[in-house]
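**Q** In the order they appear, the protein sequences are chains E and B. If you count by the numbering used here, then the first sequence holds residues 1 to 156, one letter each, in order. If you count by the numbering used here, then the second sequence holds residues 1 to 501, one letter each, in order.
Keep in mind that a hint or two might mislead.
What the hints assert, rightly or not - Here's a subset of chain B near chain E, in silico, CB distances under 7 Å, partners left out:
{"#": "1", "residue": "ASN10"}
{"#": "2", "residue": "PHE57"}
{"#": "3", "residue": "VAL68"}
{"#": "4", "residue": "ARG72"}
{"#": "5", "residue": "GLN167"}
{"#": "6", "residue": "GLY175"}
{"#": "7", "residue": "LEU372"}
These are calculated hints, taken from the structure and not from any lab test. Just so it is clear, the structure is predicted and the values come from calculations on it, not from any experiment. Where a beta carbon is used, it is the ideal one built from N, C-alpha and C, also for glycine.
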Amino acid sequence: MTRPVLVFACGNPSRGDDAVGPLLLDYLASRVDLSETELLTDFQLQIEHALDLQHRKLVLFVDASVSCRAAFSLTELRPVRDNSYTSHAMSPSALLQVYQSIHETPPPPSFLLSIRAEQFELGAPLSGNTLDNLIQASVFAERLLAQFEPCPDSVD
Amino acid sequence: MYEHLETAENPADLKRVVVDPVSRVEGHGKVTLLLDENNRVKQARLHIVEFRGFEKFIQGRPYWELPVLVQRLCGICPVSHHLAAAKAIDQLVGVDPANLTSAADKLRRLLHFGQVLQSHALHFFHLSSPDLLFGFESDIGKRNIVAVLAEHPDIGLQGVKLRKYGQEVIRMVSGKRVHGTGAIAGGMNKALSRDERDYLLQDIDQIIAWSVAAVALVKKVHTANLPYYDEFATVPSNYLGLVKPSGALELYHGGIRAKDRNGATLVDHFDYCQYTDLIREEVRSWTYMKFPYLTSIGQADGWYRVGPLARVNNCDVIDTSLAEAARVDFKQHRGGGAVMVHSTLAFHWARLIEVLHCAESIAVLLNDPDLLSPDLVVKGEKRYEGIGVIEAPRGTLFHHYQVDDDDIVIKANLIVSTTSNNTAMNESVRQVAAEYLSGRELTEPLLNNLEVAIRAYDPCLSCATHAVGKMPLQLELLDADGQLLDRLVRHGDGAFEHARS
């Protein structure tokens, strides 16, 4: 049975601050109810990930962000017909649009947790500032997920 | 050819246009054009940021970490690096490819077929089909997978599911979606369970059927406008890749075959462990990226292409029936049994023939009882040098390591496929600039022609690193004094902003 909550982290653990998404998943793995929540990670979002959103009641994407001004931010996502097509990576909103196109139904409620990040060099460790941001975002994500209560009869 | 457009005689007198798809922090491409007062192209160059730091990232690590570690070099084809590294460290533990157990060899091949299938499916359906279905200079709002899903829902959905199936093959064989640990020194660390095998078998007939349809689609697109598709960005070249001992198409292990532009064989069944005798890399002052060439031919004419077009051109046969029929059709599409297909846009066609071959090969392997065998690892005497070469989705990939007495990597050398295609991509860019752009006012749809040419090679332009908010493309038009005349920006969400000075 598909778990109602999906946390999907994007990032490469070996590229400096790009690791914040996978690291947040490591934190959540021991702190959330994994019978209700599925934790997935990949280097970047791609079209097939639209299939991972099916039968979810809540989706939380987690990603590093160089444009996030605060330590972290939470944004509600809507499907967007993303014009970018030269990249091997899709935006979360574009993925929702793909979901909507495939299933002909609106995607599940989805949010993006952006964590402010600075450097992405291959082999570099997490920067000090980003580590602080990650800690704050992790605590926030844990509290956020603790508030979620799926309707028992509404889960596929 | 178009070498004369590599370096202009009087660059200071020319306008400069930069197409800079900074799609991710590393691994991005940039095209620069120099134009005279009549917009005639005088210089065209493709710069790809070299994957600097690969060797440094690997050196100093124990060799047994490499199959997992190198997956983090690239988020686009991590399995290719995983398997090339595994083949190299096999040699470090004294195991040659022929000595792997049958189960380990077949599991690795299954993993590789899954990787190539999903990579090619992504490239065709997501990155290229919008251009091919709607036109290179069509409304930018149409040139994306969402528009394909809207107007060609069956095709779009098949692309999504083909990609997903390849990812599921990877997950079943390596145990995880990403960062899997399937291949280890001397073999594999797990067999396929009966349940995993049966799970993959459920859909393989459908995957083959969709692959057949995809080949038919790309043939239809290509032949519907044959002169254009055969000429656009086309550069006659040499070709290099692995083949089986029989001369058949090979993706995992074989000898190197190179052919010239007329189809004459330059080398055949060449032992890739001697690759340094075959290939040298030239450095040019204007780019970090090297220019490999066949030593026997020399710098000027020794450049070659790798990848699907090279493989389908080079092989004598494909050992799965549907893909072989598609190959024969492909080679004869111009009539008269053309020896070599040089059309750059034919990369797409060749890529989908390989998708079909992968799907058929997966079906064959899933019905092979060896996949379930627990006989997975062999060991031999330690060696200090290991070389692994495979045919990655984008072409021939070389991993070369040396270790010390403590099994620490002290030297590493990687030649990635995109590097091998460097000269060819520059030639294609110059051809498009000269034949399709020169003398015209540059617009986004027109400049998309340059990206279409580059994209046909499926270069690894965006890689594992990514972050929200990076700007993927910027085009600037400067006058001879370097003053900004015009700027076109494509933001991370795909929106365009036009800003005149």
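**Q** All hints, please: hold or fail.
**A** Hint check:
For the restraint placing ASN10 of chain B at the interface with chain E, the shortest Cβ-Cβ distance is roughly 32 Å, beyond the 7 Å limit, so the hint is violated. With a least beta-carbon distance of about 4 Å to chain E, the hint placing PHE57 of chain B at the interface is held under the 7 Å criterion. For the restraint placing VAL68 of chain B at the interface with chain E, the shortest Cβ-Cβ distance is roughly 10 Å, beyond the 7 Å limit, so the hint is violated. Using the Cβ-Cβ criterion of 7 Å, the hint placing ARG72 of chain B at the interface with chain E is satisfied: the shortest such distance is roughly 4 Å.
Given hint, GLN167 of chain B at the interface with chain E, holds; its Cβ is 6 Å from that chain's nearest Cβ, closer than 7 Å. This hint is violated: GLY175 of chain B has a C-beta 14 Å from the nearest C-beta of chain E, more than the 7 Å allowed. Because the closest C-beta pair between LEU372 of chain B and chain E is about 27 Å apart, greater than 7 Å, the hint is violated.
When the structure is compared with the earlier hints, violations turn up for hints 1, 3, 6, 7 and for no others.
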